[in-house]
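Colleague: Given next are the chains, with one letter for each unit.
There are 2 protein chains.
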Amino acid sequence: MTITTQATLLQEPELRPFLPLLYVAWADGDLSEAERALIQSRLSAQPWLKPRLRDALNAWLQPAEPPNAASLAQVRAAILDAVPNLSPRAKRSFVALADAMAALDGESRRVVEALEQELGFDVAALHLPSAENTSEQDARPPRFDAGALQAVLDGRLAPSRARARAFLADPKHRAMYGVPKEPYREQVFTWLLSLARAGFGALAYPGVTTDAEQGLGPFLATFETLGFGDLSLVVKFGVQFGLWGGSVYFLGTEAQRQALLPKVASLDAPGCFAMSEVGHGSNVADLETVVRWEATRKCFVLHTPGESARKDWAGNAALHAKYATVFAQLEVGGVRHGVHAFVTRIRGDDGKPLDGVRIGDCGHKLGLNGVDNGRIWFDHVELPRDALLGRYATVTENGEYQSPIESPSKRFFTMLGTLVGGRIAVASAGLSASKVGLAVALRYASTRRQFGATSEPETLLLDYPSHQRRLLPHLAATYALHFAVDEAREAFLSLKPDADTREVEAHVAGIKAAATWHATDTLQACREACGGQGYLAVNRLADARADADIFTTFEGDNTVLLQLVAKGLLTGFKQQFARGGAWSMVRFVAGQVRDAVAMTNPFTSRMSDDASLRSAEQQLAALKYRESSLLASAAQRLGKRLKGKGDPAKAFLEVQEHLLAAARAHVDTKVLSAFIAGVERASGPEHAALDRLRQLHGLCVLERHTGWFLENGAFEASRARAVRKLIPVLFEEVRPDVLSLVEAWGIPDECLAAPIAFNDPAHPRW
Amino acid sequence: MTITTQATLLQEPELRPFLPLLYVAWADGDLSEAERALIQSRLSAQPWLKPRLRDALNAWLQPAEPPNAASLAQVRAAILDAVPNLSPRAKRSFVALADAMAALDGESRRVVEALEQELGFDVAALHLPSAENTSEQDARPPRFDAGALQAVLDGRLAPSRARARAFLADPKHRAMYGVPKEPYREQVFTWLLSLARAGFGALAYPGVTTDAEQGLGPFLATFETLGFGDLSLVVKFGVQFGLWGGSVYFLGTEAQRQALLPKVASLDAPGCFAMSEVGHGSNVADLETVVRWEATRKCFVLHTPGESARKDWAGNAALHAKYATVFAQLEVGGVRHGVHAFVTRIRGDDGKPLDGVRIGDCGHKLGLNGVDNGRIWFDHVELPRDALLGRYATVTENGEYQSPIESPSKRFFTMLGTLVGGRIAVASAGLSASKVGLAVALRYASTRRQFGATSEPETLLLDYPSHQRRLLPHLAATYALHFAVDEAREAFLSLKPDADTREVEAHVAGIKAAATWHATDTLQACREACGGQGYLAVNRLADARADADIFTTFEGDNTVLLQLVAKGLLTGFKQQFARGGAWSMVRFVAGQVRDAVAMTNPFTSRMSDDASLRSAEQQLAALKYRESSLLASAAQRLGKRLKGKGDPAKAFLEVQEHLLAAARAHVDTKVLSAFIAGVERASGPEHAALDRLRQLHGLCVLERHTGWFLENGAFEASRARAVRKLIPVLFEEVRPDVLSLVEAWGIPDECLAAPIAFNDPAHPRW
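Those protein sequence lines, which keep their order, are chains A and B. For what it's worth, the working numbering labels the leading residue of the first sequence as 1, then goes sequentially. For what it's worth, the working numbering labels the leading residue of the second sequence as 1001, then goes sequentially.
If you're looking for bench data, these hints aren't it; they were derived computationally from the structure. There may be inaccurate statements among the hints.
Claimed, not checked - The following label-pair restraints were derived from C-beta to C-beta distances:
| id | chain 1 | residue 1 | chain 2 | residue 2 | range |
| --- | --- | --- | --- | --- | --- |
| 1 | B | Glu1182 | A | Gly334 | 54 to 64 Å |
| 2 | A | Asp610 | B | Pro1648 | 29 to 39 Å |
| 3 | B | Ala1611 | A | Ala649 | 27 to 37 Å |
| 4 | B | Gly1399 | A | Arg143 | 55 to 65 Å |
| 5 | B | Arg1110 | A | Gly334 | 56 to 66 Å |
| 6 | B | Glu1107 | A | Ala649 | 36 to 46 Å |
| 7 | A | Ala649 | B | Leu1193 | 48 to 58 Å |
| 8 | B | Leu1193 | A | Arg358 | 33 to 43 Å |
Computed from a predicted model, the values in this text were never measured in an experiment. Every residue gets a Cβ at the ideal spot worked out from N, C-alpha and C, and that includes glycine.
Bound conformation, chain A alone (with noise of 0.2 Å):
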């Protein structure tokens, strides 16, 4: 083949659509006669193909003179010239190719769509580019604007997030590393006292500090905001607002939060919040600190029965808190009510430990060394009588217990309702350290190049399947528990004063867990996907990763934590609870699951194509359908060990596995659920892009489950296939917006910091 006829090839607006073709034909291997045959038949036939043309094509297709590498790799860079503008999808039709070659006519159309058919030939043979490209990739304009991506995540509460934003860009609140304890701890308080003065600390009492009106939502923005920073400072800041001027806000009279709460905002009283005892970290009912009544003295006496009873974990302890809220069984005349929450000083105005009171540390974490995790003995500390937190008890001058909940279940519950909006602030703050994470790894991964096709660049990490596997699907979860939690968030604010908070404690509970979940596990990928630069702490991953790895634990256990969501499922009728007992109910709810079980089957015979799994609705159906044939199995376990009047206690544990995974499966339609709707905030490409990654997660959740799906005869392997084969297109429909996606969560760079977000790794950020 001459020169002369390549240049015709490569130029002519009517050969160009077929260059994919022809370089395929050669470039798949051997062209056997009868294909070379076919194609010549089939163009030459063409009535518009001029001799000059045709003469080309013959030349071209000579079985004798097949084309020599350097032509072929002409042809090739000329179809890679005209590609990069095509989605993903159309790389892989002929067709699509031809027309992104020269704009084809009805004619040419037809002929391409007949030889793709007869020949059988696979766009894959093109080996369409996957590093060159996608270089070029980051370099193109981005398909959305990832501003207005941002005004949707941001939502109702964009001001708050900008605010706490601003803070975190001051380069004096730049997250720390390898600073040993006793100055990060002193640094971390200096940055509280910061946050404090700048007003973030009033947000969080409503009514009392600020504006009854704007409600907690304002703090809450607060606090998953400054996730993106020093993970030290969140939790000292939860500690100070959330926990202990929450236990104030939540269980204080108006009185005890008038007197109290304006210096809690401002950090005049810097407090704790002493729960948990070394024996009875989640088992909050069993507390063995007591405070009884003395009635001859009119005060209470508050005492550390053992060693086991110990304070522990309480944040602030260890140095700053003067005050804590101290939770107790309280003791009346001998009667013992509960576990109540009492207000006490712990240390005087000179930071020395009040008689009675001892203050231990607990020491090195695995993180969060800038929070002074403590430990506390109470040795008969005298109490005054309005040290009880009096909103749901107080006890009279004449030693008199009253209270306006008369259950003592219920008041118990009533009174840990307080650690609910805690632990949306956890799920909220993980999932801001995610997303740092995952900024971090993405935009290292879209730069870093290691190994690769012979004589090109080396591939970008972002290009390897394996690197993709490891990293898109935290960022497609990472989205997905963004919409969640902000939706528990909603229906926690959107509680009325004294509500029943039964359901949106379950709520929150699983949102709490998985998003939690998700953190440590996003972490980890994160800093694995960047190998030993994610192991460097100037990179950012390493201290993430140890800091929020306890979020799984504190606020509520995850596993514990589940458990009160699959109670909440078996409870889900409260009137029925009520009516016939634990037992009765547990039979409706078996019930009335399997009738939904039946009535959601036919489910199973749809989804086959690749459409109906993208489908949002058909996705939900298949978690929907899992949640209920779960949580029907597990509800007739269940049903079965109680109709013998065994222990309900028992009984739970020997379906506890079966309780989780129904509990799991609720949590997963929930989080779908709400990124279906949250998608829905956005429009044009923003919804675009949005419902792309929604797709993805969708996928991915299904993919895990497989197992369960085969099992259960919801899927066919063919099914079970396709799941697998589109995860892989749909990376590749998302890469392109990877950088984008990044760029709305609207991370300040100083938090980023990490060098090799820079692409910079020689030059440190901090």
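Starting from the structure of chain A, add chain B where the hints point.
Modeller: Same frame as chain A, now just chain B:
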């Protein structure tokens, strides 16, 4: 029913065997008239039944007078009294229970069997004890001898392990935490000096500093054992004696070895291993550092041409190394010969960097802060001719390049072979860290109680199904990997000098990836399973977790190593490879594997009952089937792409996920088969204990891949369910052995150290 009747039931040997059935008859709920009549007729028909006993039975079975709760409880107590010595398996059968109540004769046995079948009662309704029983369980004598099992695990290298244990048991060598970087690094160097002086370093160079015959076994066993202690020390030990000294040992001439290694072993010549560059972590072939032969001056010149070529991560470099083995592209007379290793001084005796050498500090890391990782830049540093480690290549005085290995690629891989020992070492150290983590978490779970049944002591953590799920699969996998690492080490140790190492390399690469990912997962599970306690540095899990985290990345990134495994599987047959090129080989392997799959297929028709699911042969057959299928699928895909004469690197990228899946499946098989072989090294009760664990491990692997088995028609839904149901049964069977299994690792108490491992939260053993 009178008290006399009840007493008769409880004491008469003729009636006692029926107590479990009689108890369940009522405890399971409503005894139907038909059921009652059936029991009564079956029992009353017994010729041996005295009238007095028949009356007692009839009284118990009066439908109008069901026994009250107190009677039921008394019967249950009598059953429990007789039960504790039964195996968990026996606790699931009424016949075995009957046997435990009083010796059964043939007649009564037939009656119980018949009733069990006819009634379909469920033993589970007995609520056979978990909580009460298992706390007693731990107090009862162990079922096997932990010392005997330790002898099996320690194997032929027991003496070396014992010496290393003695080192660790010395209070001076206890792991540290919470120490700032600088003093920590100095402490680790001091420990390293103690190791060197005690002769542990000399173990690394058989034939030079120790007897040739003993081989590297004692060195590797020492490394593994040191993994119970401070992991910074382990890594520093590996860098000094394994990497730095090892490069001289494996790549140096006899003269170079004799000159350097005695000083390396005594730590008079501390050094580092400068291979990785910041731009080329895993891609050693593309390193940029260059060494040029200067013909006129008859010397080499070592140079760092740009920032991406800076040497990075080198342990020992930031502070202590005076020497370095530097890997660089060798250029002689304008010709590049690929990567070679050179020895050079980097610091003078005064500890200051030499002229032309710039050294930086990698700074704080997630863990291992006792290791001084550094960066090195070289500015035209002159090296003498014998700086080139000369076993595989030399440059003559006349500037002539000579090598006994002609193929540059073979030469390169031969030099990389020096890393194989290090990978075994890292795998085994990761495994030791897992053992420490599990020892802490399992000992804690065996003493810590939380929540539980009403009016009983709170339930032990280890008796929660969710807690067993968290920890016991890791326990089983740790044992599996112990034997797998052992097997890989022996394969490495029995390599003949200059033998083709590729097969062993692939073997070791797979085990290293499996063991280090396992360490990360296990330590995380242990951390979470200990809740807040696990987050405290004093309990050791935090640092072990953070330190071991990098093991998945260093000495070969795990994903890259799995690709090596995959390539090893494809190139399994070296000769085919040599003859027909990569493509024919792939086609050959694909064909061969397809046949293997067809042959293996029949296993799917067996493996239905529990006995098959527990069988070593069947478990292994299932994993082999999976491996072959995945390999065949990957090879076919690859072959298809290579047929089109595509770029092999791109083809590999496109099928990367399939290749990785095949590699993982291969490693699963390797590990299980090593475990099966390992079980056979024990006998008697130790053999039985190991076999229970092996059953559990195999089932957990099958369960993890249930989706695949279902999708590929190897499992039906019923088999998947059978696997899932059998796992908790195995948990129960393994449960009584847990503490002895932990003890058999022989971890010195000084290494456990964690207060929670000694049921003593108040008193650290540090």
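Colleague: Give a verdict on every hint.
Modeller: Hint-by-hint comparison with the structure:
Between glutamate 1182 (chain B) and glycine 334 (chain A), the C-beta spacing of about 59 Å keeps the proposed range 54 to 64 Å intact. Between aspartate 610 (chain A) and proline 1648 (chain B) the beta carbon distance is about 30 Å. The supplied range of 29 to 39 Å therefore holds. Here the CB-CB span from alanine 1611 (chain B) to alanine 649 (chain A) is close to 34 Å, well matched to the stated 27 to 37 Å. Hint check: glycine 1399 (chain B) to arginine 143 (chain A), Cβ distance near 57 Å, so the stated range 55 to 65 Å holds.
Taken as a hint, the range 56 to 66 Å holds for the pair arginine 1110 (chain B) and glycine 334 (chain A), whose Cβ atoms sit roughly 59 Å apart. In this structure, glutamate 1107 (chain B) and alanine 649 (chain A) meet the distance hint of 36 to 46 Å, their C-beta atoms being roughly 40 Å apart. Between alanine 649 (chain A) and leucine 1193 (chain B) the CB atoms are about 56 Å apart, so this pair conforms to the stated range of 48 to 58 Å. The hinted range of 33 to 43 Å is satisfied by leucine 1193 (chain B) and arginine 358 (chain A), whose Cβ atoms lie roughly 41 Å apart.
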